[in-house]
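S.K.: Each chain, written out:
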Amino acid sequence: MSTTLSHPIRQALDKVALWARINSPWVVHFNSGSCNGCDIEILATLAPRWDLERFGVKLWGSPRHADILMCTGPVSRQARERLLRTYEQMPSPKFVIAVGSCGITGGAFRACYNIVGDIGDVIPVDVYIPGCPPRPEAIIDGVVQLLTKLKTGAAPKAALPGTARGPDAPPASGGAT
Amino acid sequence: MSDPTSILKPWSLSVSARGENRLDVEIAPSSLVSAVTEIKRARWGYLSAITGRDCTEADGGGSDGAVSAAAPAPLEILYHFSQGADVLTLRTKVPREGASIPSVCAVLPSAILQERELAETFGIRVIDIPQDERLLLSDDWPDGLYPMRKEHTSEKLREVVTGLTASASGAAAATAPSAVPLDVPRWKPGPAKPVEEKPGRFVIPIGPQHPALKEPAHFELVVDGEVVTDATLRLGYVHRGIEKAAESQTWVQNLYLMERICGICSHIHATAYALGVEKLAGITAPPRAQAIRLIFAEMERLHSHLLWLGVAAHQAGYDTLFMFSWRDRETIMDLLDALSGNRVNYSANLVGGVKYDIEPKQADGIRRGLDFIEPRLQHYLKIVTTDESFLRRTRGVGIFPKEQAEIMGVVGPTARASGVRRDLRVDAPYLGYREFPIVPVFDDACDLAARFVVRIKELFESCRIIRSALDRLPAGDLTVGVPRRIPEGEAISRVEAPRGELFYYLRSTGGAKPDRVKVRTPSLANWAYVLGVAVGHRLADIPMIVVGIDPCFSCNDRMIRVRRAGEERTMSWEDLRQYGIRFYGGNP
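In the order they appear, the protein sequences are chains A and B.
Its first residue numbered 1, the first sequence is counted upward by one per residue in this note's numbering.
Its first residue numbered 1001, the second sequence is counted upward by one per residue in this note's numbering.
This is chain B alone, in the form it adopts within the complex (with noise of 0.2 Å):
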């Protein structure tokens, strides 16, 4: 593989290592296509990250910080290349006023989402996206407002909106404080996209609250006759701002509020915050703690994985295998209840170590588990292989193939039942993969039905790397000291989540609470996907292939908003509501 200084040798102004597997590269924003295209063609990793960051430098260590009158500081944005362990960070500054980066998503068309979130929650135009709809804010949120600069702290800025938008609809002005300024614009719907009118050609709108999937995501689907002939997504019905509240959060409060970034995998992001700080404080968990906290990530991705299948199963019109799998499922959660004394929040996780030792007694109790778990497993192998009428939903279907799924940079299980080599555990080794090494489970299929196996093989995988763990728990301490405050610098902290590579940026300006957070879930880097194989299927296979990248609402709308919804209907919302009570006989 070639080296990313020499790839980027024409157009770098600044090149520094930090740490053994980082190189930042600066470049300037005018040569950013031309560099990602050449990384492109060198075959330099997948694009993991786009990163955001107001440079404005916060006083005494707060993130309340009033942006100097002189000289307002620029933004920064960062593209995170990822190839194995290794990071390639192109960085690029622009001025704070009139900000606006090319796009790169004629070169990486996965980077679509995370650019329209860099445009709305930055305010930098990015020129020459494909789509510019409002992504990420709500539809009532003011123009010229972006959440993520610094001028306002989380609560300010809540203020602010609730105050802005309350006045902006009139009714509830009496109610608003009066102490806001009024003078931003409300955003305006561009000319709505005509949709062509055809008989046998519908646009099917699916969602938000809907009974395929237990969280709120909105679909069009645009079907002729039975087939999807385009599909749009409306994610941000569960945003919630939670990076922008890191920022006035202490270091170990967000501990807590990561862990409720998603309420499935909330193990695995603790422990990607807690290295990330970990490696800004300079300190390493001790051994026992970092094996501890491999067994909760191998549970977790257990009763992850159940999960999932009874979902999908249920997708698939096969209830049965939803209710069998949950069932199972149940010996993990008591498992992990007996562990911890929660079901769900674990919490094992501390900056620099875990809470709960494990007691020989305990490690029995898991043993017994995980020999009730792998027939039920192997049962499961079966039926996702073998039984034909389940087959006919999954084989073929949804095929997603290798280059794609390469240069779309997606991750986990999606991405392995590519018969991509991804997998950040054997690749870039956290934890105690380095002494509990995983065999990853790859298949190259590339349909529906590999990512069932792929998926169940895998906890095969899981439930041997909790015995050989159990069997060889390192003695010692659970907890290393912490500095209060953490050193300057900032850190990449990447781990595999359930669902995929999970990536966080971390950065300190040595105060009590974070600069910039930033975190890119596996779900956000699987869309790309969802949207591209969709098209041309039939709609009774949507949910299917929906549910096949195992999305997680939750986690990805932590930074995801949508487009404005109804501007392309001539009712509006009480028209809607009037006709739907004229319809339903006068009961609202």
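Isolated chain A, as found in the complex (with noise of 0.2 Å):
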């Protein structure tokens, strides 16, 4: 959705666009090779307790539709193309938040065979949350702080090279547009 038109119009929509998405920021979630206790804080911040959508942030199935991607765990051998995937998948502007030790780091499981580094070695990552799991208070936090980050204008982390094809990367072959 880069645009390099200074059209009124165009102008005005992408207003509305950044309005919509710091008002109504979908998540789609991807375990990459977590032990499950951070998808479940995840979880367990949406329930009625910690009740997430009070941001109108919406849990969703389809990367398609998301603004947002929230990782968890290492990233295993098998999981890494997986992640990459569901990235690109995404429409542009996406945003990532890589939640737990884990995602960080590698934390406990840095020195497992089948582990190819951490979220960031593998997708840009905007929010990093710490903690083994982080708890519900820390999730809203990381959450707060990325669409502030939004409300300022911040523009996305840039695609890394070698790893995630960005949006600007030439297809291999033609197709797109």
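There could be a bad hint or two in this list.
Covered stretches of chain A, going by a simulated chain B footprint (3 or more residues, C-beta under 8 Å) [stated by the list, open to error]:
1. 29–40
2. 47–60
3. 74–80
4. 111–119
5. 126–139
Restraint ranges, calculated between C-beta atoms of paired labels, are given here [to be verified]:
6. A:H65 to B:P1483: 54 to 62 Å
7. B:R1472 to A:S62: 48 to 56 Å
8. B:L1539 to A:F55: 29 to 37 Å
9. A:H7 to B:E1155: 53 to 61 Å
10. B:P1401 to A:G61: 29 to 37 Å
11. A:G56 to B:T1385: 32 to 40 Å
Honestly, the hints are just simulated from the structure, not real lab data.
Just so you know, even glycine gets a beta-carbon here, dropped at the ideal spot from N, CA and C.
Using the hints, put the two chains back together into the complex; each one sits in its own frame.
M.R.: In structure tokens:
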């Protein structure tokens, strides 16, 4: 959705889109090797006690409709390609939140042979939420920080070279417009 | 019940009793199938776990063992059968080079996942195994590299694999470490299984990222109209390699690693491990510590089953129940938080005891929490037994007969809902379950509704036992001294996790680090049921059937990986990606 047009109508539309995005960010969740602790805490954050939905956040199944990718766990060898594909399927602009210690450094599984690294090694991460697992308050804080960032007009992090094939990457063979 | 020694007499090379409840029988690889057939015919127990072991002895207690060039150590395979508190272990050794073992799948179909695990992580060829696709290792794992053999430590292995896969893919060859040998061939997929093309018949791939479950798994369901005619499962997206990593950490460090096998049942994993290490060290945790472990374990069962109830209700399209049960679950989470300062990984266990005491004030808090939760459980029990729309999703769905459940070695609430009398808290009391006996809950209905009833009724028992443990909490110390070096030996530790029997096999060579840690989680034992039951059901029932066992991928994936993805497709991933870009109008 990178636009070089400065047409007034386009600008107005962008403003509306940003307003909508901040007030109702949809989240897709991906577990790339987590122990389940963070995943359950993410769910608990959406359940009645913490109710993340009051910020307009909705957990959604399809990456095609999502604004935020919430990742948990270190990245296992098998999940790496799937994580990339999930990320690529999201429409731009897209944002990534890495939840938990493993997503930041690999955590307790750093030395395991089937781990290729942390989330930041594979896709660009906008917000890290530390903790093993982070408490629901921390997850809410992380989401709010991302939304605050959006309000100030921050652009999503660029795709990492050699890993995520970003929106501007030339297609390998024709087809994309 | 017949004596296993006499059952196995024709084949046993040597018999040795290890401790009161264990019997080891050594047999030759060639007589394995006959021995297993005879055990099944005599109806002695069920297959709990298959453990592979590299007999290479590490030098100086470390596990960075260089294999001596003179005589390569053999590989040992252990088949653990359990019946009540008794464990019968069939041990057989195979040479390292060209290792092979006959498959027992023809006798015990439930062995297949474990045999495939054995084949891939130890490089033991399993003869006549019904499925030999790659199950464990990831798509780009180099062939001929067997992670559980002791050639490499976990860290070294990671380097080797990274180097090999990078150089194999070519694109990233520049960044690959140059010192890595490149002569290990890559695994190649066998001939693709032809899928019969027929009008109205489709293969539906689901996952690994999918909205139904919070953890990744890949299902491939062949449907004829609405009815499922074949189901295959691919796991492994969260495989990390914990068993291997455990070999390069100390006994105490591993406690925290084991706790992170699963974020839902973290306490019971650490408990099983701690009990095993204590058995090896010849110590027993003080009674007060045992009772506190029990209280934590039962509270974990409460929050785990409430979590499951919510997820299962969500699958049934009953989101109100999901929200209710998750709200009430927070009561338990608060109590765990108050006891340990942590909501999920409470880390209550130490080798030789527990970290946290329960003060009378905290005990009152727990009692108040239980006072709130019990009426709620009554309410849930009423819903799952009387709500007509809910019963239509559960009654008569996913029937798993008792006979089959017994033979397949299904464990936990899944087995108990099929009327199988199998609960380790009763059969082999550990912790304080002898002093605070539990009344197990069974149901003979064998369907999904029964699994709901069993799990909820179990929670009443949990509440009752927590109360009696709090009322009669033994006085005394929280820990006992533990030797720094754990004596040589091996131990089996079995506990009843929320999802069923959790099996730990630990082996020490007298060093600071374990020689082998084998974990068989309940979900692994229960997958056999899912794949067996799914066929013949309507597609819409599949999520409910899967969730019926309360699957936990992070547990069983610690050793499971998948068959090569994309082998049956004519489009490459890149083709698919380009297709997707075209389809969505250029927005990748």
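S.K.: None of the hints should be skipped; say for each whether it holds.
M.R.: Taking the hints in turn, this is what the structure says about them:
{"no.": "1", "hint": "29–40", "in the structure": "holds (count 12)"}
{"no.": "2", "hint": "47–60", "in the structure": "holds (count 4)"}
{"no.": "3", "hint": "74–80", "in the structure": "holds (count 5)"}
{"no.": "4", "hint": "111–119", "in the structure": "holds (count 6)"}
{"no.": "5", "hint": "126–139", "in the structure": "holds (count 3)"}
{"no.": "6", "hint": "A:H65 to B:P1483: 54 to 62 Å", "in the structure": "57 Å, holds"}
{"no.": "7", "hint": "B:R1472 to A:S62: 48 to 56 Å", "in the structure": "53 Å, holds"}
{"no.": "8", "hint": "B:L1539 to A:F55: 29 to 37 Å", "in the structure": "35 Å, holds"}
{"no.": "9", "hint": "A:H7 to B:E1155: 53 to 61 Å", "in the structure": "56 Å, holds"}
{"no.": "10", "hint": "B:P1401 to A:G61: 29 to 37 Å", "in the structure": "34 Å, holds"}
{"no.": "11", "hint": "A:G56 to B:T1385: 32 to 40 Å", "in the structure": "37 Å, holds"}
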